[in-house]
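J.: Next come the chains, spelled out residue by residue.
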Amino acid sequence: MSPFRPSVGASVARVEDPMLLTGRGRFIDDIAIPGTLSAAFVRSPHAHAAIGRIDVTAARALPGVHAVYTLDDLRPHLTSERTPLGQSVREIVGLASRKLREDITPFVLVRDEACYVGDPVAVVVANDRYVAEDAATLVDVDYEPLPAASDCRDALAEDAPRVHRNVASNVLTEYRIGYGDCGELFESAAHRFKVSLFQHRGCAHPIEGRGVLAQHDPLERRTTVWTSTQSPHEVRMALIQLLGVDDDELRIITPDVGGGFGAKYLIYPEEVVVPLCARMLGQPVRWVEDRRENFLTSIQERDQYWDLEIALDTEARIQGVRGTLINDQGAYTPQGINVSYNATTALPGPYMLPNYDLKIIAVETNKVPTMPVRGAGYPQGTFAMERLLDRAAAGMGIDRAEIRRRNLIPTEAMPYATPMKTRAGTPVKYDSGDFPKCQAMAMDAIDYAGFAARQREAQALGRYLGLGLANGTKGTGRGPFETGILRVGRSGRISVYTGAAPMGQSTKTMLAQIAGDQFGVSPDAIHVVAGDTAHVPMGHGAFASRQAVTAGSSVHLAAKGVREKALQIAAELLDSPLDSLEIEGGRIRVTGGSNLSIKLGDIAREATGIPGYSLPKGIEPGLEQTVNFMPAGLTYSNATHAVEVEVDISTGAVRILRYVVVSDCGQMINPMIVKGQIIGGVVHGIGNALYERMVYDENAQPVTTNFGEYLLPGVHEMPTIELIHHVSPSPLNPLGVKGVGECGVIPAAAAIISAVENALAPFDVRIDETPIFPGRIIELIAASGDAPAW
Amino acid sequence: MDETRNVAVTVNGAELRHQTDVRTTLADFLRHSLGLTGTHLGCEHGVCGACTVLIEGRSARSCLMLAVQANGMRITTVEGLGDGPERLNSLQEAFRAHHALQCGYCTPGILMSLTELLGTNPDPDEDQVRDVLSGHLCRCTGYQSIIAACLDAARVLRGEPARGSEVRA
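Heads up: the sequence lines are chains A and B, in that order. Read in order, the letters of the first sequence correspond to residues 1 to 790 in our numbering. Read in order, the letters of the second sequence correspond to residues 791 to 959 in our numbering.
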């Protein structure tokens, strides 16, 4: 047998792959329970309407239909008509200058008023989805269309249509982020520059949409809910509250999830309605959305309008940034104001910013609610800062890389307490990282120094090349904790149970590597159960690049604890000192010639104890340990993106020629997986910069509702990405890891837009929006008045 | 009003038949009538490619076909590749070696399209692989690793040694 090689730090093959590659995944629509009925939702076709009578007679009469429910039918079984406000919001509420209204979350089903196209009005449950959808069209709803607020700036006007007819103002809340004093310094600053930015609505679009399957067991008195979610515990908490049941009466199981990217990190009305239908009908019920439904009703992120001003001294050192952000909340607020809060607190990024004052206006519109999508506000804050720096560089005649270099936090200053305070009142602290070095590495890799010459040569041939550079950071490993339970069963099988929720980021492989190393077994030998609330009583799930830090550390500590305990018990049983023992391949052996060994399963049995005999001294029963690792603070990843593009000025088409990423996510548990995360993140960034635009018309009707109209980056849009690693281990967890799921997207749009603007420098074009389309590029070139010199 | 038909197909070499509504799509027929859930639905309007299967050896969007249209035909789905999780074929092995999947949802459709490519062109260049992949959407991987996996699988199928694996030896 070949000697054991630890797998943490190595690119080992994924444990998820064999099942997924052979079509044996168990996604939400794959789970077959005999007798399962299908649900379809009746949704408002109006962005805003009063709802009168709902006549379900014809729908109910269709053969194959079991039930048609409206809120009136569901209300007796619910403690509230609305989903509960999400977990992350309670602390943010304290920031708001006006208290958040009570009634801001989505309705389980609406009854009197629909507030966006897609707002669910009724549910049909039938033998199969085809019949359910037929019946849904037969539900007769009396809609009285009302004026709708579409653009979030227009929604601020005194005479704007009200998003909710009984709420006088469309402003959800206003609040300020910042520190220091921006007033006086802007008056006396050597240099001041302004930008006004538009960051357009975009979607998450995992290739698998949402779905829920629920089954009530009257014998066990428990409802089991499978849902394609990133946060099984949040779903469970919400349902416990809404259904008025106890913890034991509800089990949430996360199936294989085909991507989430933020759109599955909240409780949706459908996740309440479907379990309720299952309980009411006494049969399993499933709802799986189609892509059109996803376009209409899955959360999106942004529109954002930023008006910003930056002040610098004579040496181009930033003195302050101030401004306003208008953030489109959509019609409801499922979780809170996390997008705008994150975006504005992320604006300083890796730069020294001594004074900061940003006013945020979170405004409602008659569109689907907005919430964090991959990057969670950080890409928008980064875009804002990077546009300011480009503007300042141009205005002061300083090289764009140089102005950044002068303002990047130097590594000698780590750990760096920024002037920003967290919600808890403690300083936001960057724990580790070498931002200037990463920028230098990126510049080197893309040959920044030689670019001016390349650009000139190309221009002489009538080609327009541009280069862009952007830096981003991300606070990762958000607490409070993620559970890790490690258990050695009496069969000897080593199992990991965690509240962490996989959605493609290889969570099971990561945890299997961490656990396997403690027992001298390969990751394949570890049994990982993730996102099943029956096994793990608490948890938070997958968001904000947190699971490697939190779940990883918990599993590591739990595995270490069980390893030590197993060794102690073995030392007793084998009558051998601790330091003579080793664990490998499921056995504990005495080293040095003796062939004494004991199987882990036997130790697990011993640890249960035998009546009449006491356990070895000081040892608690059981060969398992639960750890809820609580990080002391966020640990900061960073990345520099350097992008070279070519712009065709006759068509406006942008081609990415080279894309360099320098990434620092601390220690890497599996470099192959890290690379996949970064490249995947860049896909989103390219989409955000050049392709993805979720469009609503002036009546708040969604206009782009299929993949022909809303463009996801395909293979031809993706350049080959060159990835370079820098490693600054995190001092804040035992693994030294930092989250990596989002750093690929955070500086991407900023770098690409900067490159496009640089390519169009001869036309003095400024780009203050994302995404930018070819038609718009042509428009900007034409508006600049400069005809191309050919 | 409702019409049904008995649809007979040969799927992955097995002769199967099932009664179905005439409006059932081939994708739903495979997934729910025949229990072959490896073929996935990502958009149901023919863009994402997740539902791709081979019909008489040629790739087709099963979301845009009716089950009745496939009557009498030979269909290959992802379940027909290799011989189970313990015995992946060369293409599947290459996907594993190059981390060409993350959530795995778009993967079956891509495997079918690339199976068709490699079946007709044993030595594709990168542009040809990209051309086939342009019929598929992936939100996780960024496509780079999928291209690498396909080129490596082609190598192995030609009898050359595998190259460039991301997985440690």
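If you're looking for bench data, these hints aren't it; they were derived computationally from the structure. These figures come from a predicted structure and were not determined experimentally. There could be a bad hint or two in this list.
[To be verified] Heads up, incomplete: computed chain A residues facing chain B, CB under 7 Å, no partners named:
#, residue
1, Glu158
2, Ala160
3, Pro161
4, Leu578
5, Val683
6, Leu711
7, Val715
8, His716
[As the list claims (entries may be wrong)] Stretch-level coverage of chain B by chain A, calculated; a stretch enters the list once three of its residues show a Cβ under 8 Å from a Cβ in chain A:
#, stretch
9, 798-811
10, 846-855
11, 873-883
12, 903-915
13, 942-950
Glycine included, each C-beta is placed from N, C-alpha and C at the ideal position.
J.: Are the hints correct? Go through all of them and say.
T.: Checked hints:
The criterion of a C-beta within 7 Å of any C-beta in chain B is not met by A:Glu158, whose closest approach is roughly 41 Å, and the hint is violated. Here the hint on A:Ala160 is broken, as its CB sits about 35 Å from the closest CB of chain B, past 7 Å. A cut of 7 Å between beta carbons decides the hint on A:Pro161: the least distance to chain B is about 32 Å, and the hint is violated. Taking 7 Å as the C-beta contact cut-off toward chain B, the hint placing A:Leu578 at the interface is violated, the least distance being around 31 Å.
A least Cβ separation of about 5 Å between A:Val683 and chain B falls short of the 7 Å threshold, and the interface hint therefore holds. A hinted interface residue such as A:Leu711 counts as satisfied when its beta carbon comes closer than 7 Å to some beta carbon of chain B; here the least separation is about 10 Å, so the hint is violated. This hint holds: A:Val715 has a C-beta 4 Å from the nearest C-beta of chain B, less than the 7 Å allowed. A cut of 7 Å between beta carbons decides the hint on A:His716: the least distance to chain B is about 6 Å, and the hint holds.
Look at the stretch 798-811 of chain B against chain A: 1 of its residues bring a Cβ nearer than 8 Å to a Cβ of that chain, fewer than three, so the hint is violated. For the stretch 846-855 of chain B, the proposed coverage by chain A is not satisfied: 0 residues have a C-beta within less than 8 Å of a C-beta in that chain, short of the threshold of three. Three residues within the 8 Å Cβ limit are the bar, and the stretch 873-883 of chain B against chain A gives 5, so the coverage statement holds. For the stretch 903-915 of chain B, the stated coverage by chain A is violated: 0 residues have a C-beta nearer than 8 Å to a C-beta of that chain, whereas at least 3 were required.
For a cut-off of 8 Å, the count of residues in the stretch 942-950 of chain B with a CB near a CB of chain A stands at 0, and the three-residue condition is violated.
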